[in-house]
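Chemist: For the protein sequence lines, the chains are P and X, in the order given.
Going by the working numbering, the residue at position 76 of the first sequence is 76; the numbering climbs one at a time, nothing skipped.
Going by the working numbering, the residue at position 49 of the second sequence is 1049; the numbering climbs one at a time, nothing skipped.
Errors might be hidden in some of the hints.
[Claimed, not checked] Heads up, simulated DSSO-like pairs for lysine-lysine below, C-alpha to C-alpha not over 30 angstroms straight-line:
#1 K5/P <-> K1336/X
#2 K1336/X <-> K1143/X
#3 K5/P <-> K1101/X
#4 K1177/X <-> K1437/X
#5 K1215/X <-> K1227/X
#6 K1143/X <-> K1403/X
#7 K1257/X <-> K5/P
#8 K1271/X <-> K1336/X
#9 K1366/X <-> K1227/X
None of these hints come from the bench; they were simulated from the model.
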Amino acid sequence: MGKTKALDHVIDSLDIETFLICRDQDEGERLGLQLVRDLGFKDADVVFAEYSDGGVRIRIRANIFRPGDPYAWCSAKQSEAAS
Amino acid sequence: MDSMTARKKILLVPLDPVHDVALKMLNRKLVERNHETILLPPDLPMEEIIARATEALPDVVMVSRTVGYGVGELLGRFIDMFEAVGLRDRARMVIGGKAIKPELAAELGFDRGFGTTGVLDEAVAYVEEREFVPVTARTVKRKRDITSGYTYSFHHQAIAGLLEEITGEMIAWGKGKSTPAIRRAHLREQMMDLQPRLRLEKSSRSAAELESLNKAYLNLCDERIVKFHEQGTLPSGVRAFTGEELAALDAFIGESKDRFSAKSIRHNQDKPLVFVQYGTGCPIMDISHIKVSEGWGADGVLHFDPSWGARTEGLLSGYLSQEQDGTIITAENLGKIKAALQDSTLWTLRAHRGLNTPETVVLAGKLGADLTKISIVYGSISGGTDPLRLTADGMECIRLAGKYGLPFDVVTNEELGGVPAYKAFASMLIVAYLAVKLGARPIVKPLFCFSPEVMISGKMDDNYVDYNAAKVMALREIMDAPIWPGEPIGFVTHSEDRVQSSLSTALHAGLSLSLGVDAITIASADEAYSRGIISVASRVDSLRAVQEVFRFFGESAITPGSKAREWTKELLAGIEDVLRQVARRGSFVQSIYEGLLGSPEDGVYPGRSGRGTVTENAQNL
Chain P
1 MGKTKALDHV IDSLDIETFL ICRDQDEGER LGLQLVRDLG FKDADVVFAE
51 YSDGGVRIRI RANIFRPGDP YAWCSAKQSE AAS
Chain X
1001 MDSMTARKKI LLVPLDPVHD VALKMLNRKL VERNHETILL PPDLPMEEII
1051 ARATEALPDV VMVSRTVGYG VGELLGRFID MFEAVGLRDR ARMVIGGKAI
1101 KPELAAELGF DRGFGTTGVL DEAVAYVEER EFVPVTARTV KRKRDITSGY
1151 TYSFHHQAIA GLLEEITGEM IAWGKGKSTP AIRRAHLREQ MMDLQPRLRL
1201 EKSSRSAAEL ESLNKAYLNL CDERIVKFHE QGTLPSGVRA FTGEELAALD
1251 AFIGESKDRF SAKSIRHNQD KPLVFVQYGT GCPIMDISHI KVSEGWGADG
1301 VLHFDPSWGA RTEGLLSGYL SQEQDGTIIT AENLGKIKAA LQDSTLWTLR
1351 AHRGLNTPET VVLAGKLGAD LTKISIVYGS ISGGTDPLRL TADGMECIRL
1401 AGKYGLPFDV VTNEELGGVP AYKAFASMLI VAYLAVKLGA RPIVKPLFCF
1451 SPEVMISGKM DDNYVDYNAA KVMALREIMD APIWPGEPIG FVTHSEDRVQ
1501 SSLSTALHAG LSLSLGVDAI TIASADEAYS RGIISVASRV DSLRAVQEVF
1551 RFFGESAITP GSKAREWTKE LLAGIEDVLR QVARRGSFVQ SIYEGLLGSP
1601 EDGVYPGRSG RGTVTENAQN L
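All chains, please: the whole structure from these sequences, using the hints.
Modeler: Right under this line is the structure:
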């Protein structure tokens, strides 16, 4: 997925919190990761998942900038845009 | 209302079927400022409102109404009716309510519009025809001295006597001891003193002197540090920032500082001050965490350095980032972080546990840190450093902290390795007492945690309150010193669920508030998430939760149960017993090796890093 301008303003990561209908925790986590990848994010992880009664409350994290990356929000281009 | 502000007559009109709360709040503020107000009941017919206005002849008419379908027409008619009876030119007309914006107010024929209840003070200023100064602009956050007002007197005579004996032995033992770290610290001081002179004079003599000091420094470093300084070889996973990145960072810092508005995380309390730890591996990312944390009310930040740095003799230099947790200690990285801090933010640079502790205190002192951290026993039995080496280095750290006027905290994190609190406290008190003797200002740091000790003993089976409270109560019975629970509060109580994690942090903050401690260190909501990065948003989660708990409690407090008193006595007895054993052993260092302050049975072992490097009767340059 090509980065949009809004994504350039994300400091580090994008969390998606939702409730997924599923059979068990494993399926919930698999679906969560699939969801984030379907949205076009490759670097993703399940931060939290808890299954109960037919579904999982889940938070999946897509990393946009990891520490040490060249950050779009702190670049010459960004400071020109801000000035 | 001051004497220069004229008393106004205000008609408050809830032009709404039910919602008049905001007007009632505004009415209270206006009455408090000695204005004459007439608050009409909600949903009066328009004609009756006009009749009341004609009778009262107000200076200001303040209407409250939620904007919705057909409301524009209603408000237009309201203005028309005021004009028809000749009141429009006499009174200033104001509209307030959700979704009201100044443009909409003007379009409807009002003089001013206010959006939400958060602007009550602004509305009062409008009534009084004075300029409104937002609270944020008036709030001046000042840097606080955590140690201010403490006498450092020891009330517990038996414990004080034992501490006097133990620290007397330590001071005698430490005379003439030196280590590579101590020598590097003194070389670092000389090099940092020389650098401004060199920039100013550009003399070849100063340059040669610096080169000679640098050479002596490298003789005391590990091979990878030497390779970096001599050949520019970066350790694996480390990269240097480009000039472009640094220029962009400077711009980012400047913009962040310009935008900053001071905010207190506390409600009506003076303390505790709230600290967060940073150390993502990248100073630029750290700065973003710091700026966001400051923006959400954090009072201070602690630098978290990489664990490999603690096992390496010597420091790198330059603007460096690494792909692991912990941000590399270099004078340049630290200088950039310092430049990013607001003037009010307290900055702790941890000397802590490794092979570069005295040099780190020198950097802290020279670069303007406010606090440091010295952990002789924790570093020796849980941090991997040889006890003999860290005792020698730690004592020099304390002297340097005194010289640079840096208060420092002493941790009890060995509790996480399984050491019971009473043993960890005995260690902490030895270092604190020694510090007072050497002219430094220690801050004691009990761990508010769900430790192996309490898991085994069941002390927290019922609640997290009583044993943590007992720790603070025991310390207060021993000495008059600042107390800063950490690190972070609620350690091991957090889960990956950000709601649970933030709430647990906030409740521990509420307990800290109730106990009247001086400062706390809080985790992010990502504390228990170990597979990836700590996100900036997770810092906001816990800071916001803590703010809400401070608001919730105000001046009220959690009252610990009866067990807290019982466990206070138990802790005091345990501390005294451990100190008696150390005093009887006659050697602080040997007491660490032999497990008196934490043993393999507890789950900790003396470290090996730096073993065999302490020299006798050496000149500490």
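Chemist: If a hint holds in the structure, say so; if it doesn't, say that too.
Modeler: Evaluated hints:
1. K5/P <-> K1336/X: Holds: K5/P and K1336/X sit about 27 angstroms apart, inside 30 angstroms.
2. K1336/X <-> K1143/X: holds (19 angstroms)
3. K5/P <-> K1101/X: Distance of about 28 angstroms is within 30 angstroms: holds.
4. K1177/X <-> K1437/X: Since the Cα atoms of K1177/X and K1437/X sit roughly 18 angstroms apart, the hinted pair holds (cutoff 30 angstroms).
5. K1215/X <-> K1227/X: holds (13 angstroms)
6. K1143/X <-> K1403/X: holds (20 angstroms)
7. K1257/X <-> K5/P: holds (23 angstroms)
8. K1271/X <-> K1336/X: holds (29 angstroms)
9. K1366/X <-> K1227/X: holds (26 angstroms)
In this structure, every one of the numbered hints holds.
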